[in-house]
Amino acid sequence: MFSFQTIFDNLPVLIGAARYTLLISVLGCAQGLLVGAVVCAGALSRRVWLRRAAALYVSFFRGVPLLIQLLVAFYLLPVIGINVPALVAAVLTVGLCAAAYLSEVLRGALNAIPRGQAEAAAAIGMAPRDLWLRILLPQALKIGLPAIINELILLVKASSLVTVVGIVEITRMSQSIASATYRPLEIYLAAAFLYLAINLVIAQAGRLLERRLAY
Amino acid sequence: MTTLSSSPAAASMRKVNKYYGTFHALRDVDLDIPPGKVTCLIGPSGSGKSTLLRCLNFLEDYDSGEVRIDDQLIGYETPGGRRMSARRLREMRRDIGMVFQQFNLWPHMTALQNVAEGLERVRGFSRPEAEVRAREALAKVGLADKEANHPSRLSGGQQQRVAIARAIAMQPRIMLFDEPTSALDPELVGEVLGVMKQLASEGMTMVVVTHEMGFAAHVADRVVFMERGEIVAVGSPREVFHDAADPRLQSFLQGYRERNSLEF
Numbered sequence: 001m002f003s004f005q006t007i008f009d010n011l012p013v014l015i016g017a018a019r020y021t022l023l024i025s026v027l028g029c030a031q032g033l034l035v036g037a038v039v040c041a042g043a044l045s046r047r048v049w050l051r052r053a054a055a056l057y058v059s060f061f062r063g064v065p066l067l068i069q070l071l072v073a074f075y076l077l078p079v080i081g082i083n084v085p086a087l088v089a090a091v092l093t094v095g096l097c098a099a100a101y102l103s104e105v106l107r108g109a110l111n112a113i114p115r116g117q118a119e120a121a122a123a124i125g126m127a128p129r130d131l132w133l134r135i136l137l138p139q140a141l142k143i144g145l146p147a148i149i150n151e152l153i154l155l156v157k158a159s160s161l162v163t164v165v166g167i168v169e170i171t172r173m174s175q176s177i178a179s180a181t182y183r184p185l186e187i188y189l190a191a192a193f194l195y196l197a198i199n200l201v202i203a204q205a206g207r208l209l210e211r212r213l214a215y
Numbered sequence: 001m002t003t004l005s006s007s008p009a010a011a012s013m014r015k016v017n018k019y020y021g022t023f024h025a026l027r028d029v030d031l032d033i034p035p036g037k038v039t040c041l042i043g044p045s046g047s048g049k050s051t052l053l054r055c056l057n058f059l060e061d062y063d064s065g066e067v068r069i070d071d072q073l074i075g076y077e078t079p080g081g082r083r084m085s086a087r088r089l090r091e092m093r094r095d096i097g098m099v100f101q102q103f104n105l106w107p108h109m110t111a112l113q114n115v116a117e118g119l120e121r122v123r124g125f126s127r128p129e130a131e132v133r134a135r136e137a138l139a140k141v142g143l144a145d146k147e148a149n150h151p152s153r154l155s156g157g158q159q160q161r162v163a164i165a166r167a168i169a170m171q172p173r174i175m176l177f178d179e180p181t182s183a184l185d186p187e188l189v190g191e192v193l194g195v196m197k198q199l200a201s202e203g204m205t206m207v208v209v210t211h212e213m214g215f216a217a218h219v220a221d222r223v224v225f226m227e228r229g230e231i232v233a234v235g236s237p238r239e240v241f242h243d244a245a246d247p248r249l250q251s252f253l254q255g256y257r258e259r260n261s262l263e264f
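Line order of the protein sequences matches chains V and Z. Under full-length UniProt numbering, the first residue of the first sequence carries the number 1, and numbering increases by one thereafter. Under full-length UniProt numbering, the first residue of the second sequence carries the number 1, and numbering increases by one thereafter.
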């Protein structure tokens with residue numbers, strides 16, 4: 001017998017666990033954008049060693065499974081004398097990984113901006129700082145928005161991997177409840193709908209933002 | 001030919017050379033830009049007109065010689081010496097307006113923001129003061145009612161007039177125009193040339209790379225004909241267009257007349 005009651009009874013606990021899912025994916029994405037902007041600047045630099053370093057960064061964090069990255073971070077940090085809560089380590093690792101993808105998103109978006117715009121800025125004597133903050137990045141974020149939303153949605157799902165370092169988010173919580181109630185089907189379906197609901201909201205918010213930024 | 005003015009040049013070039021790899025784009029170019037006058041650069045495509053213009057604000061670096069704006073060397077600390085600092089170059093560029101063939105407006109900003117941006121970020125005006133000055137500049141190019149439009153909501157001619165407003169709002173000492181009407185539909189060329197004529201009549205020093213021979217003939221004080229990176233002829237429109245002696249200039253003008261004659 002399928003028990004809706006089990007779902008209703010455990011939904012509050014699952015939603016509580018969703019806080020960690022959201023925390024990790026949203027903070028991870030924000031950190032990914034910041035670090036990604038730096039990596040992207042390196043990839044577009046005139047200095048060869050900066051370009052090499054950026055390429056190395058991207059190939060490492062894009063080429064190693066996030067699961068392995070999390071485990072490495074979890075066991076490596078104490079060895080090198082850094083003792084942080086598992087949650088902090090998880091957010092940092094997810095953010096560093098997202099940065100690899102987002103740096104490529106930003107690089108593609110920046111390449112889509114016609115060169116003449118930077119020339120026009122140079123011709124009136126605009127400083128590089130203003131060129132980046134006022135002209136290039138706002139447009140790159142707009143051009144890259146669909147891909148950034150994509151990345152955020154991927155992170156919401158990938159955040160289930162942080163269970164390996166002991167964080168109880170949606171997936172881990174549903175495993176616990178499933179084994180305690182012997183109702184795995186109901187609980188995993190509830191988890192599935194919870195993920196779906198979160199991602200629908202993100203996708204819709206992205207679409208609204210896209211419309212607001214249209215010119 | 002003749003010199004039009006005895007006052008010191010607004011800009012000058014001495015023995016300027018520029019290479020793209022092995023291609024010799026500018027060959028020993030000597031040129032004085034008279035202040036308060038309109039100088040038009042004409043010549044076949046690939047002759048070096050745009051390269052010359054872009055050397056005047058160092059958007060293009062030159063390999064040897066001297067380029068001076070108001071007697072100050074641009075791009076290098078000393079002739080043939082080290083590059084000037086980025087900061088110093090920016091300071092010089094503030095006073096040199098430039099208008100591009102493709103307008104190069106910033107698409108995420110309204111017309112007003114496009115014009116106000118440099119006033120605020122580069123000239124250091126407060127936002128309200130920058131907007132007041134930006135509105136004046138937009139009014140001058142006849143676009144006071146379009147200030148809230150983004151470039152995508154403007155015609156090509158209107159976009160180019162915003163670009164001119166953006167440049168003149170900075171109150172430059174000299175204005176450079178790089179084929180300002182070449183990307184426009186023919187029926188939109190007139191409004192842009194009209195704004196340029198008005199600027200010329202106010203005594204703005206202008207250097208204009210153009211294929212609009214009519215504009216060069218009627219508005220220019222002096223016409224420079226280039227071919228293969230060299231200045232072949234310099235003179236008043238009358239001297240260049242009617243008394244052309246150089247065979248290269250004659251054949252260029254002949255070709256132009258044939259393309260633009262109304263024979264069907």
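Hints may contain errors.
Unchecked claim - Computed Cβ-Cβ distance ranges for the label pairs, DEER-style:
1) Z:Y256 x V:R47: 46 to 56 Å
2) Z:D61 x V:R47: 16 to 26 Å
3) V:P128 x Z:S251: 38 to 48 Å
4) Z:R173 x V:P128: 55 to 65 Å
Claimed, not checked - Reference excerpt, derived from the structure (chain V facing chain Z, CB under 10 Å, subset only):
5) R115
6) A127
7) A203
8) Q204
9) G206
10) Y215
Derived by calculation from the structure, the hints in this document are not laboratory data. We put the CB at the ideal spot given by N, CA and C, even for glycine.
Okay, the hints, checked on the actual structure:
For the hinted restraint 46 to 56 Å between Y256 (chain Z) and R47 (chain V), the CB-CB distance of approximately 47 Å keeps it satisfied. Range check, D61 (chain Z) to R47 (chain V): about 19 Å between beta-carbon atoms, so the 16 to 26 Å window is met. P128 (chain V) and S251 (chain Z) have their C-beta atoms about 45 Å apart, which keeps the hinted 38 to 48 Å range intact. Judged by the Cβ atoms, the range 55 to 65 Å given for R173 (chain Z) and P128 (chain V) is violated: they are separated by roughly 24 Å.
Given the 10 Å rule on beta carbons, the hint for R115 (chain V) holds: about 9 Å separates it from the nearest Cβ of chain Z. Checking A127 (chain V) against chain Z: minimum C-beta separation of about 6 Å stays under 10 Å; hint holds. With 10 Å as the threshold, the beta carbon of A203 (chain V) stays out of range of chain Z, its nearest partner Cβ sitting at about 23 Å, so the hint is violated. Residue-level restraint check for Q204 (chain V) is violated (minimum Cβ-Cβ distance to chain Z is 23 Å; threshold 10 Å).
For G206 (chain V), the suggested interface contact is broken, since its CB lies about 18 Å from the closest CB of chain Z, more than 10 Å. At about 4 Å, the closest approach between the beta carbon of Y215 (chain V) and any beta carbon in chain Z falls short of 10 Å, and the interface hint on this residue holds.
When the structure is compared with the earlier hints, violations turn up for hints 4, 7, 8, 9 and for no others.
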